[in-house]
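**Q** Protein sequence lines correspond, in order, to chains A and B. If you're matching positions, the first sequence starts at 1 in this note's numbering and goes up one per residue. If you're matching positions, the second sequence starts at 1001 in this note's numbering and goes up one per residue.
Accuracy of the hints is not assured; some may be wrong.
Claimed, not checked - Facing chain A, according to a computed beta carbon distance under 8 Å, are these residues of chain B, among others:
{"#": "1", "residue": "Lys1007"}
{"#": "2", "residue": "Ser1008"}
{"#": "3", "residue": "Ala1011"}
{"#": "4", "residue": "Leu1013"}
{"#": "5", "residue": "Ile1018"}
{"#": "6", "residue": "Ala1020"}
{"#": "7", "residue": "Ser1030"}
{"#": "8", "residue": "Leu1031"}
{"#": "9", "residue": "Leu1036"}
{"#": "10", "residue": "Leu1084"}
{"#": "11", "residue": "Asn1101"}
{"#": "12", "residue": "His1104"}
{"#": "13", "residue": "Ile1105"}
{"#": "14", "residue": "Ala1214"}
{"#": "15", "residue": "Pro1282"}
To be clear, the hints were calculated from the coordinates, so they are not data collected in a lab. Where is the CB? At the ideal position from N, CA and C, for every residue including glycine.
Here is how the chains run, residue by residue.
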Amino acid sequence: MNRYSLFIASFLLMASPGFYLLAYTTGTISQAISLLIILIALLISLNALINGKHSKMRFLVLILSIIPLVLSRGYLTTYLPTPIIIQSSNLTDYVITIVASLLGFLFAGLTEAFTQFRKVLEEKEYEEYEISSSLGSFGSTVFGIGILSFVSGGLLYILIRILPPLNIGIFPAIVIFLAVYIVVFRFIFAKRKLKSSTR
Amino acid sequence: MVNQWTKSLMAILVAGSIVAIGAAVSTTPSLVAGILTIAVFLIILYEMETSPEIKFEMNYPDKAYVGDIINITASVSIKRGIGLFDILLPMVDSFDLVEGNNVHIVYKGLRYLEVKFDYKVRAMRRGIFQVGIISFNYFPSMGIINGISDSADLKKEIEITPKILAQEKLRRKYRTRVRFPRSHVSNTGPVSTDFETIRQYTVGDPYRTINWKASARSAENGNLLVNQYEREGTKSVIFLIDRNSSTLRGTDEENQLEYAIQFALSSTRMFLASGFSVGMWPLQSKVQERGDYVLPASGMENMRRITNMLLRMEKTVTRKEPINLGKIFYHSLLETSSTVILLTSLQAVNMPEISEVCRKIASYRGRTILVDIVYYGILMKYSSFSSLGNIFSRSVQSSNWKKMAKNIPGRTMVVHWDPTSQKMGQAAGIVMGVLR
């Protein structure tokens, strides 16, 4: 997989909430937000492709994608007269585009890394076929992991929805949360310092 | 690169947090699927990005000659870990990359990786080189963890020996071009009754050695022929090698010291094959320690010792103190009555100390054959006026030699050798002629 494929994938996925709003909503605010999302997604993807620099605007796409959802339902709508952009019937489809946008966010990071790796390797004058081959494998592997995560995330959510809720009190819930939190952090710090073994 | 990746990890976590806040404020539980996507992504990469286990294997000959092309094969196998591996295979300054590349980048995905690399190098200089250190950098795929820079030492060496060029030529019998001294330069025992060869009569040969029958057979030429008999005892030669900065004109690969080493090695092989005892000393200021020199001895075992010494020989800094060859040198000189072959490059700068060394050798009843490795040719080879090299070289040479000849003490024979215009065999032939 080359960086252009990653660029297209990251742009389409990141801009998917914008395309959805553009296609299925009619209000001025929603149209403005949709165009803004598409424009920023394009700029971010181009920046990742050309410069390979970390762009903080990536978060803006996510925030802009969540704004229509926050304005349409939840706590904010209870206290403020907000315009309803997303109808309840279309909620599931829009949430899928947000998750896809999150995946696009990961792929934009991958494109950045891809471009930066390529620049460094070209400076070091590696053979062109080696650069293309190794970065191609790199892109395909991480892309595959991203898709796998996306599918697994969806399946896990469905599994959670199917399973009956646990009726535990607040105190046991906090204890379980802390236990999981400590285990995860110990795992992270154990891996932080890597040491290779060579023979 | 590594910093960028660490930022990526932070970015993924912040993105997850934004979605989580959005899910909470909008009371949309289905957004949890997004958080789960990020969580699964991170967990997979955390599980994959573990410490890699890397195994290297290298194949190449242990020994080669200067100028040879060496084929190096490296096999790299990587278990565990996921990411880019930047591998730097061994390369020495004195090697010239001829084919392939010693720097590679490979990507280790989910599967076990095994790759082979081939590259060819040309050995430009003699020596013993460490060709077993492999460096590598590991850049984990998503940079969630920091990368590694490490190296592996396979503890392998390659021995590059100068080509022994003079050997074949020196198998022929050389005759001295000088009439005096008439006695053999190397002090050996009396003439034995073991026949060696028939040669032409020269002034000073005893009449009893004249081979009348052989002379009659070649009467057409009108030359008298004499029998030559083996002498008892072993002839002994000690090489002295000057490795001061004055012997380093040219490049690292081609200078007087390198030519001196090549000459010494080739001559040693020839002398040992002819039954001589051969020793080797470097010219240096500090007192010589065992291991710095090789005592005169015959047999091919001494060839190995001398080769080892010559392969490790490197330049010294400019001498500030007078040359000190040590007691052992002078003791062996007296004991073996060796001829000393001093390999240097005569210049105004080193002339006084070289003369002093020759004088001291003479005081110990030793004789010196001073092989002056002329550097003008080498300099001209690397200058832009290469076409004028020979003319310039010869005119400067002759004027300098005349000046320097005044300082050469008695019992010293000087042989000038310009390695760029004169074959080593010729120079060795002259030395051999003086020795006989």
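**Q** Closer than 8 Å between Cβ atoms is the bar; does Ala1020(B) clear it against chain A? Give me holds or violated.
**A** violated (10 Å)
**Q** Any CB of chain A closer than 8 Å to the CB of Ala1214(B)?
**A** Violated, about 70 Å.
**Q** Verify the interface restraint on Ser1008(B): the C-beta must sit less than 8 Å from at least one C-beta of chain A.
**A** holds (5 Å)
**Q** Grab the minimum C-beta distance from Ile1105(B) to chain A and call the hint holds if it beats 8 Å, violated otherwise.
**A** Ile1105(B) check passes; min Cβ-Cβ to chain A is 5 Å, inside 8 Å.
**Q** Using Cβ atoms only, decide whether His1104(B) comes closer than 8 Å to chain A, and label the hint accordingly.
**A** At 6 Å from the nearest chain A Cβ, His1104(B) passes the 8 Å test, so the hint holds.
**Q** Does the closest beta carbon of chain A sit nearer than 8 Å to the beta carbon of Leu1084(B)?
**A** Because about 6 Å separates Leu1084(B) from the closest Cβ in chain A, which is inside the 8 Å limit, the hint holds.
**Q** Mind checking the CB of Lys1007(B) against every CB in chain A and telling me if the closest is under 8 Å?
**A** Holds. Min distance 5 Å.
**Q** Mind checking the CB of Leu1036(B) against every CB in chain A and telling me if the closest is under 8 Å?
**A** Where the cut-off is 8 Å and the nearest Cβ of chain A is about 4 Å from Leu1036(B), the hint holds.
**Q** When the nearest CB of chain A is found for Leu1013(B), is that gap smaller than 8 Å?
**A** violated (11 Å)
**Q** Is the shortest C-beta separation between Ile1018(B) and chain A less than 8 Å?
**A** holds (5 Å)
**Q** Holds or violated: Pro1282(B) as interface residue toward chain A, Cβ cutoff 8 Å?
**A** violated (38 Å)
**Q** Taking the least C-beta to C-beta distance, is Asn1101(B) closer than 8 Å to chain A?
**A** holds (6 Å)
Of the numbered hints given earlier, the model fails hints 4, 6, 14, 15; all others are met.
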